[in-house]
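Student: Residue-level listing of the chains:
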Amino acid sequence: MQAELKWLDDPQTFRVNQLPAHSDHHYYATDADAKSGDNQLEQSLDGTWQFAFAATPQDRPQGFYRPDFDRSGFDTIQVPGHIELAGYGQLHYTNTLYPWEGKQYRRPAYTLGDQTGMPGMFSQGADNTVGAYVRTFTLAPGLRHHTVTVQFDGVEEAMYLWLNGHFVGYAEDSFTRSEFDLTPYLQDGENLIAVEVFKRSTAAFLEDQDFFRFSGIFRSVRLLAQPAIHLADLTVRANVTPDLQTGDLNLRLRLQSLQATTGAQAQVTLADAAGQTILTQTVGAKGDLRLSHLPVPQVHLWAHHTPYLYRLTIRLLDAQGTVVEVVPVAVGFRRVELKDKVMLLNGKRLILNGVNRHEWDARSGRVISLADMQADIAIFKDHHINAVRTCHYPDQDAWYDLCDQNGIYMMAENNLETHGTWQKMGAVEPSDNVPGSLPQWREVVLDRARSNYETFKNHPAILFWSLGNESYAGDNLAAMNQFYKEHDDTRLTHYEGVCRNRVYQDRISDMESMMYDPPMAIRDYLEHDPQKPFINCEYMHDMGNSLGGMNSYTDLLDEFPMYQGGFIWDYIDQALWVTDEVTGKPVLRYGGDFDDRHSDYEFSGDGLLFADRTPKPALQEVSHYYGKYDD
Amino acid sequence: MASTTTELRVIYGDGTLGLAGEHFQYIFSYERGGLESLKQFGKEWLYRTPKPAFWRATTDNDRGNHFSETSAMWLGADLFSPCRSVAVAVNGQPITLPIAPENNRYSDNETAQTVTVTYTYATATVPATMVTVAYTVDGTGTIAVTTHYTGQPGLPELPAFGLRLIAPTVATEFTYQGLSGETYPDRMAGGRPGTYQVTGLPVTPYMVPQENGMHMATHWVKITRETTLNNADPDRDPFQLTVRQHGDQPFAFSCLPYTAAELENATHIEELPLARRTVLTLFGAVRGVGGIDSWGADVEDAYHVSAETDHDFTVEIAGPTA
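Going down the list, the protein sequences come from chains A and B.
Quick note, the first sequence lines up with residues 403 to 1033 if you use my numbering.
Quick note, the second sequence lines up with residues 2 to 323 if you use my numbering.
Just so you know, these hints were derived from the structure itself, not from any lab.
Source: prediction; values computed, not measured.
Treat the hints with care, since some could be wrong.
[What the hints assert, rightly or not] Cβ-Cβ distance ranges computed for the label pairs, FRET-style:
id: 1; chain 1: B; residue 1: N92; chain 2: A; residue 2: M827; range: 19 to 27 Å
id: 2; chain 1: A; residue 1: S446; chain 2: B; residue 2: N92; range: 57 to 65 Å
id: 3; chain 1: A; residue 1: K783; chain 2: B; residue 2: A129; range: 46 to 54 Å
id: 4; chain 1: A; residue 1: A405; chain 2: B; residue 2: A262; range: 28 to 36 Å
[To be verified] If you want a taste of the chain A side facing chain B, the calculated C-beta under 10 Å gives, among others:
id: 5; residue: G491
id: 6; residue: Q506
id: 7; residue: R751
id: 8; residue: K826
id: 9; residue: M827
Just so you know, even glycine gets a beta-carbon here, dropped at the ideal spot from N, CA and C.
Model the full assembly from the supplied sequences, consistent with the hints where possible.
Tutor: Structure representation (structure tokens):
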């Protein structure tokens, strides 16, 4: 198969030869590895890559992935990182208006009666910068003689992959892991891996988030070897009986095997937080296994102040009884319900003291470290923040683990925002909206819903699936909602955009969600036969010196059980450290400070924290009001 | 005979109108009330959208005769006058403002001979009046900027009337054809006509920073910068922007690293912030500096600027290949 540039133009081509999304569980060759976390099946490809930048697709070094290509003119770049922060390509911040505003006229393919599919819109885009990445690797001993995949945790915004000159696959969806099987093209000794990253594709229409518009391999890359018997996907349903006394554990294991499975076994053990074994089961390891309704008496429930995690361990043993794979998974038992139009967690009314959180580091943009995440958790805990919306894309895996461990309720949002296709000059004007109800834009958004679900489905912290942000509403959003409903009855769905198109309100979102509704408007809703519980998916716009009058929102909690709080906009300012050209000192710069136009300038500075993670003065006010409802 | 005039590429955006041609790209914003981007040879010339200028930093004589106190509302107007409307004309014909859904009917291949974008500002004064700034762009990238102030009875005298453009980085020099030195309507007889090069952006070091750097009766000014804010543009070769008179009517300008408000705030030269931008103000009307005394005497009658009568001026921002 050959890579085709026209995929950039086609909303119906968004993954080629990618492995299906699956749970984000870690797997190890031995118990010792599982305990230490030092994984001999894993090999990081982070670090220095060779790199060439091109201003347009036509200027790119075609064929750079071939082993015999002359790459002597290539520079180097760090992975993970943004191409723009490495000095190639202009930094650019824009909110609603697409980044090509005033420079290119574009309408999404198949809107406004288009039948052509708009060939060339991105593949010949004068603004479509290209990064050509290449490096070599030799398989570490633990990976040899196995099936080997490569995982890209985040590449913005479309990528083509080659190994040793062979085309491997193509991926979009910047904030979702893309995984490819490299086994057919691996060779002994040195291998050459090459990635071509395009800044724009039809995915650009779906990724119109209010943020800096970066490109590049901005999250980690790794090789992973799969043992001969391998847990490809795991579904954990850690339910609780209505009396909240007994855990009801349900597991589904999708196994993959390169050898005869006769005699192979899957050993499943659940231990409590103290390491005490609660239950253990051994079953034949093959195919699609289900273990249903395993009872856990006197279950410890998972909640904000008591994020109790059990330890599930799945060991796969071959016919000789040798352990070939060990999978440790944290399990939290909790019960999410919608009862009498009120959302309950473990039988208790849920109050969301939440924030919207973009992944941000003022030095590295959306390349953030574990230390950044740990600092954020510490701030949450110090200031009674109990919930987070992953606005407006899936975050790095580690953030979900941290939320599990620290009892942070998650609204896990898809990577979707098409604001610029329906809200124009402040008016609702959806004539060229995508995904809308266009069949050509259906599968791509369903794929985003599926990836989000399949990857993160085992995290107890996730109470809500969010379809995306500000993308209007149509059949395709309804199909996303339906996907979650068909796959997961242990969580609720969320989507604010349906309030812009009420025709879909019975098919989309379990809650009435608004952004920036004044307190009086919320009261008006709650006093007039409300059909769904109310939350603010965004409120208290903390731009600059803001966040006054927060009590007008929190007071509603005392009055209306169906008012269940919300998520402040937002957690951290988005600004970048730059060396000041006049003083030589480090300064924080925002939109427009890079000659980037059209820009929305200081509109990216809405955080409870400054961009360098120091708290703004308003944080003590949040701490006060959220503290009142922190039980 | 086929027209040989270069056509202007028009990008009918959702919040802006883009105009482009060889070596230039301009973006007119509907939401931000002005020209948001003026790029020639890939170099950005605007930090924020140009706005009408009504203030000059108080001179010692202004302080003496209390002019700034009686005309204080123009300082507010200088800082806070909102844009009330935008209109677009193509080849001289007004069109419906091409925002969505109106702009759905256009394509990625639209051209025109000329496009005019007109912004109307309401002055933040009581009573208010209207100012229009119309930009007419042709295929060479030349922009004719026509500015109109509508006289309004009851408004105090104007310190000045002009259009202020702020470039992202500080200029290294400017050259102009006009009068030597610093000139004002009542102090320009000594100015010798000629072409003058000014290095850096000197601020005349009056003990108390105040209005300075005015150049009356100018035919053209060419500003040179060497740096941009674009992180991906390490190039340090000098590049220029030229503003010239339209027809036979010269104009006044000042080119300083500070706005009138920044100058107004300082009581010593060292209180001024570090120079980091280029503030080019183009003037159609300038109040004299006076000088009979500095404790009460007004500027002579002929050098006042009435706010009760209309004021008009036009200048041209030259296209990239001029």
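Student: Provide an ascending list of the numbers of those earlier hints which the structure does not satisfy.
Tutor: The structure conflicts with hints 4 and 7, although it agrees with all the remaining ones.
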